[in-house]
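Participant: Each chain, written out:
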Amino acid sequence: MTAATLPTEHSARANLNDPYALGRGHGHGHGGGGREATGHGEGGPASKRIIVSYGFWIYLLSDIVMFSAFFAAYAVLAKQTAGGPTGPEIFGRGRVAIETLCLLLSSYTCGLGSIAAARRDVAGTLRWLAATGVLGLVFLGIEIQEFAELIADGAGPQRSAFLSSFFALVGLHGLHVAVGLLWLATMMAQIRVKGFRANIQRRLTCFNLFWHALDIIWVGVFSIVYLLGSLG
Amino acid sequence: MSRHEEHDSGDAAPGEEAINAHEPASGARGYTLGLGIALLLTAAAFWIASGDAVWGPAVPAAIVVLAVAQMGVHLVFFLHVTTGPDNTNNVIALAFGVLIVLLVIAGSIWIMGHLDHNMMMDPDDMIRRMR
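In the order they appear, the protein sequences are chains A and B.
First residue of the first sequence: 626, per this note's numbering; consecutive thereafter.
First residue of the second sequence: 83, per this note's numbering; consecutive thereafter.
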């Protein structure tokens with residue numbers, strides 16, 4: 626082993642044992658080649674890509690906090706049926722199972738779309754995003770059909786506090802899905818026309834985060850509202 | 083794009099594909115694994131809710147536990163939230179969000195439950211207590 630090969634060998638081994646470069650960074654100086662240690666403020670300001678994604682992450686968390694208020698209202702009012710229909714009378718598990726499957730699969734196709742986008746594969750990304758959109762539309766259609774049936778049966782949001790909180794919570798989630806579908810359509814148009822420019826990639830990352838977050842909220846909705854609600 | 087540009091500040095953007103690149107379940111395999119586990123947890127929740135598989139009074143707790151587990155699976159496999167040091171900022175923000183969510187939901191149920199209980203009292207009993 627000669628002295629000339631020693632540094633490269635050393636850094637290769639360090640990279641393997643220390644993928645996040647925690648052991649390095651000090652003594653390299655600012656901007657002095659190689660990766661700086663993370664979390665030490667040595668890398669300079671973060672890139673726009675990271676700042677945009679992190680800001681959107683904060684927005685998503687605040688959105689989830691807003692949903693928590695609707696969940697809390699539903700949990701408090703679930704038994705206040707005012708003599709009207711109760712949960713076990715109006716919740717059918719079959720329809721919710723299909724909705725859940727649609728949204729879960731759409732989250733999966735959305736993820737595959739983001740992998741295709743990381744490969745800069747325009748056709749693949751558009752295909753997976755289209756699949757995401759179709760699954761989202763099926764979900765939204767089933768939910769609108771459920772709402773229409775309930776309202777036609779006299780179980781609309783004005784019937785009882787239970788139904789008010791149910792329509793508010795599930796309707797808010799449905800509204801998010803509808804906005805997400807609009808966003809999805811504009812994203813597909815932008816990728817088609819402008820390709821993978823840096824700003825389009827940032828928007829696509831934010832859209833992926835949004836869509837996965839909607840699925841996480843739906844896990845809470847189908848568990849707390851539909852499954853617990855149908856127990857009676 | 084060089085590796086240096088990908089990780090310019092040593093932090094990872096939330097949801098970024100490169101975060102779990104050197105982990106066993108990276109890329110499409112990670113999403114497929116996440117989908118499989120999420121489907122299993124969903125099926126388990128529906129099965130528990132519809133049958134006599136679990137002792138009756140324990141069913142709500144089982145459903146809530148399965149929901150929390152599935153949210154964790156979504157975070158790890160779909161949103162790529164990891165315990166890596168380049169993900170610390172994202173995890174701390176998430177932890178703060180979870181704290182607020184728990185405070186809002188548990189606090190509301192707790193306070194409104196007590197209020198409900200006190201309003202249900204027999205009117206004579208309530209007047210006697212207020213004296």
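Source of the hints: derived by calculation from the structure; they are not laboratory data.
The model shown is predicted, which means the values in this text are computed figures rather than measured ones.
Glycine is no exception: its CB is placed at the ideal position from the N, C-alpha and C atoms.
One or more hints might be untrue.
[Unchecked claim] Covered stretches of chain A, as calculated for chain B (at least 3 residues, CB under 8 Å):
no.	region
1	670-676
2	747-758
3	772-782
4	791-797
5	803-811
[What the hints assert, rightly or not] Here chain A is said to cover these stretches of chain B; the calculated rule only asks that three of the stretch's residues, wherever they fall, bring their Cβ under 8 Å from a Cβ of chain A:
no.	region
6	119-130
7	170-181
8	207-213
[To be verified] Not the full set, but computed from the structure, chain A residues with beta-carbon under 7 Å of chain B:
no.	residue
9	Trp682
10	Leu762
11	Leu800
12	Ile825
13	His837
14	Ser848
Participant: What are the numbers of the hints the structure violates, in ascending order?
Facilitator: 2, 3, 4, 5, 8, 10, 11 and 12
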